[in-house]
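What follows is the residue order along each chain.
Protein chains: 2
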Amino acid sequence: MSDKIYSYQQLYQFALHVFKTMGCSEADAILATDVLLSADLRGIDSHGIARLVGYVRLWEVGRINPTPNIQIVHETPSTAVVDGDKGLGLVVAPRAMQIAMEKAKQVGTGWVSVKNSNHFGIAGYHAMMALSQDMIGMAMTNASALVAPTYSAEKLLGTNPIAVAVPAGNQAPFVADFATTTAANGKLEIAQRNNAPIPTGWAQDAQGNPTTDAAILKKGGALLPLGSEKEQGSHKGYALGSIVDIFSGVLSGASFGPWAPPFPAYVAMPENMPGEGLGHFVGAMRIDAFRPAKDFKDNMDKWLNRFRTATPIEGKDQVYVAGDLERIMEAARKKEGIPLVMEVVKDLEALSSKMNIPL
Amino acid sequence: MSDKIYSYQQLYQFALHVFKTMGCSEADAILATDVLLSADLRGIDSHGIARLVGYVRLWEVGRINPTPNIQIVHETPSTAVVDGDKGLGLVVAPRAMQIAMEKAKQVGTGWVSVKNSNHFGIAGYHAMMALSQDMIGMAMTNASALVAPTYSAEKLLGTNPIAVAVPAGNQAPFVADFATTTAANGKLEIAQRNNAPIPTGWAQDAQGNPTTDAAILKKGGALLPLGSEKEQGSHKGYALGSIVDIFSGVLSGASFGPWAPPFPAYVAMPENMPGEGLGHFVGAMRIDAFRPAKDFKDNMDKWLNRFRTATPIEGKDQVYVAGDLERIMEAARKKEGIPLVMEVVKDLEALSSKMNIPL
Chain A
1 MSDKIYSYQQ LYQFALHVFK TMGCSEADAI LATDVLLSAD LRGIDSHGIA
51 RLVGYVRLWE VGRINPTPNI QIVHETPSTA VVDGDKGLGL VVAPRAMQIA
101 MEKAKQVGTG WVSVKNSNHF GIAGYHAMMA LSQDMIGMAM TNASALVAPT
151 YSAEKLLGTN PIAVAVPAGN QAPFVADFAT TTAANGKLEI AQRNNAPIPT
201 GWAQDAQGNP TTDAAILKKG GALLPLGSEK EQGSHKGYAL GSIVDIFSGV
251 LSGASFGPWA PPFPAYVAMP ENMPGEGLGH FVGAMRIDAF RPAKDFKDNM
301 DKWLNRFRTA TPIEGKDQVY VAGDLERIME AARKKEGIPL VMEVVKDLEA
351 LSSKMNIPL
Chain B
1001 MSDKIYSYQQ LYQFALHVFK TMGCSEADAI LATDVLLSAD LRGIDSHGIA
1051 RLVGYVRLWE VGRINPTPNI QIVHETPSTA VVDGDKGLGL VVAPRAMQIA
1101 MEKAKQVGTG WVSVKNSNHF GIAGYHAMMA LSQDMIGMAM TNASALVAPT
1151 YSAEKLLGTN PIAVAVPAGN QAPFVADFAT TTAANGKLEI AQRNNAPIPT
1201 GWAQDAQGNP TTDAAILKKG GALLPLGSEK EQGSHKGYAL GSIVDIFSGV
1251 LSGASFGPWA PPFPAYVAMP ENMPGEGLGH FVGAMRIDAF RPAKDFKDNM
1301 DKWLNRFRTA TPIEGKDQVY VAGDLERIME AARKKEGIPL VMEVVKDLEA
1351 LSSKMNIPL
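Sequence order for the protein chains is A and B.
If you use my numbering, the first sequence corresponds to residues 1 to 359, in order.
If you use my numbering, the second sequence corresponds to residues 1001 to 1359, in order.
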C-alpha cells in the first residue's frame, strides 16, 4: 500500500488543534505538537503523528490530564523530582529538561527524575534542548514491558530509550537516540504490515526460542535487549534497559519494570503498581563546567570530523555519527513532506471526523 | 593447559610489593592493589593481576608516574576536571570518584571528568565506591582503539566500558559493568589460546567482513560494537562507545578516538594527540537527592526481587541481575583462590625474578 504525503504544516495544524480540543493550553498544545512532529521529521515514524490517536484515547479514559499541575516535589541544587500530574509526557518532559538546564546554569549540571507522566515522544527532542545552551543533554524514559531480560521467559522491561546530545562548533552535533533493544517495536509492526519475517535476534517466542515471526508479541513473545543473545552481549542491553528503568522509575517514584503503565488505552493498568505513572530521567551538563566551551567545541569538531571521514567498508559510502541520518531525513521531509502509511492516514481521518477537526 | 591457583592474599602481597617498588606511596600502592585484584575476584580476569606486567612496562618507559600530583584543574559545585598527572588509573580514578562523592554530598550529584590518566582497572570498582554512601555510582573510560564503528573499516574507539552501581535495601545491589562491544578483547585472547573460533558478531576482518578468526585483530581486523551488525543494532553500541569517549576524553581534555594512548608499552604513542593521556568519567548521585533513601531502597528491593525471581526460559536456572554472577564469583574466589592461566603465571614469575619480589 502506498504512502500519502502531508506537509509538516498540515500535520502541525491538525495535531495542534487536537491537543487544544483535548483541553491543553495554547502553550502546552504548541509544545506537545512540536515534540510529537519532531519524530516524523527525523524519520522515527513510530513515535510521531502515528501516536496521536493513542494519546487521545488515553485522554478519553482519563489517563492523561490536559491541564496538569507540573511541580517539583523534592530538590537539591543539582537534582529534582518532578510530579507530572498525569500530563502528556510531550509537555512534562520538556518542562523537566528546562528545570535541569536551570540547575546546570547554577551549579554546572542538573538532573531531574520524573514520575506520574506519560509517553514523551522521542527522547532525542528533550536531549537536544540543551544544545543551544552549550550543554550536553540527556533523556531517557521507561515504558510498558515488551522486553525479556537475558534468560527470562517474562517481559519485564520497556524498550527504554536513551538519548544524549552533544554540542559542537562548526560540525553538526552528536545526537544519539536509541531504544535499548535490538530493534524497536515499530520495526516489527512494519514487517507485519509487509507480511515479512524479522531477522533473528530481534525477538523470542513465548518459550524463549529464537523466532522470525513479526507477530510474535501477540503470541506471548518478547523483544530482545540490544545484543540479542547472551553470546552476543544481550546481558549488556538488558543492563542498559535496567538502568533506564531505575533512573526513570525507581529514582522518581514512578511505576517500573512489569508494572509500567501500558500505552494502549484498552490495556488494563497493572495491578499493585509500586509507583505513579510513567517515569523519565533528564539531565544537562554545561560544557564550560568542565573546560572552556571553545576548547571543548574545537576537540568535539575534531572528533566528529575524524569519525565522519573514516574509511568505510566496501559497499558503504561513508561512516555516520549518531544523529546524522535523522538530520538528513529532517532536511528532506521539511522540503518534501512527511509520508504516512495508509493505516495511519485512516486513523487520522477517523480522528478528524470524530473531533470535527480538518486534516 | 591447566590453571594454577593462588590465594587472594598471595597475589595481594605480590602486587602491593610491585607497586611499592615502582615508587608508589604506601597508600597509593594499597589502593592500586585493591582495585587491580577486585577484577580477579569478580572473574574479570583480563583486567586483574594479568595486567600487572603491563603497568610495570608503562612505568619503565616513563608513561606512568608513580608519584602523581593529582589535582582539580577546573570545577563548579557539581563538576570537576581532574588532571591525573600520568598516574596509575587505578589510583587516579578512585580519587576522582571521591571528589564526585564529596560534591554529591554538597549539591546532590558530582561529576568528574579525568585527563592525563592511564588504564583504571575495572569500571565497576569505582562505581561501587558510591554504594556505601547511599549513592548511585557511575564510571566509564576510553581506551586505545580496537573497535570499528558501524560501516567503518578503521578502528576508532576503545572497548569503552560503562559501570553503574545502584544501592538497595535487603537485596544485593545492582552493579552493571560492561564493555560497549559485543565481546571484550579478553574473550578473543582466550579463544586464541584454545585455538578455537569466535562466534560471528564479535569481530570483522580488515575489509569489514564477518569473521570467526580469534586472531583477527593482529591481521587488521576490529572488534564490533555491541549489537554486532547494523541490522541487530550495532549503531547503538557504536553510539554508546562514542558517548563514553566524549565524556571521558573530549570533556576532560584527554586524548580520544583513534588517538587514545595504547596500553601495551611497546606500541608507539599516536602522533598529534589532541589531548593528554587517557580519560575517565565518574559520577555520583545521592539517592536522597531525589527521594527519601528508605523509599528508594524499598522500591529498589522490589525491582531486584521481581527480576531475580522471574520465570527463566527452559534450560536456564534463573534470571540474573547485573552484577549477580560477579558477586557469586567473588565469594567463591575469596574462599577457593584465584586461578591463573599459565601464560599469566609465567609473566608474574618473570616479573618476580626481575624485580626480586617473592610471588
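Note that these hints are calculated values from the structure, not bench results.
Note that beta-carbon positions come from the ideal geometry of N, C-alpha and C, so glycine has one too.
Careful: at least some of the hints might be erroneous.
Here are the simulated DSSO-like cross-link-like pairs (lysine-lysine), alpha carbons at most 30 Å apart as the crow flies [to be verified]:
1. Lys-1218/B x Lys-297/A
2. Lys-1219/B x Lys-302/A
3. Lys-1297/B x Lys-1334/B
4. Lys-1354/B x Lys-316/A
5. Lys-1354/B x Lys-1334/B
6. Lys-1316/B x Lys-316/A
7. Lys-1219/B x Lys-335/A
8. Lys-219/A x Lys-1230/B
Some residues of chain B that are not near chain A, with every Cβ distance over 10 Å (derived) [to be verified]:
9. Gln-1013
10. Gly-1186
11. Leu-1217
12. Asp-1245
13. Arg-1291
14. Asn-1299
15. Arg-1306
16. Ala-1310
17. Gln-1318
18. Glu-1330
Numbered hints the structure breaks, given as an ascending list: Violated hints: 1, 4, 6, 7, 12, 13, 14, 15, 16, 17; rest satisfied.
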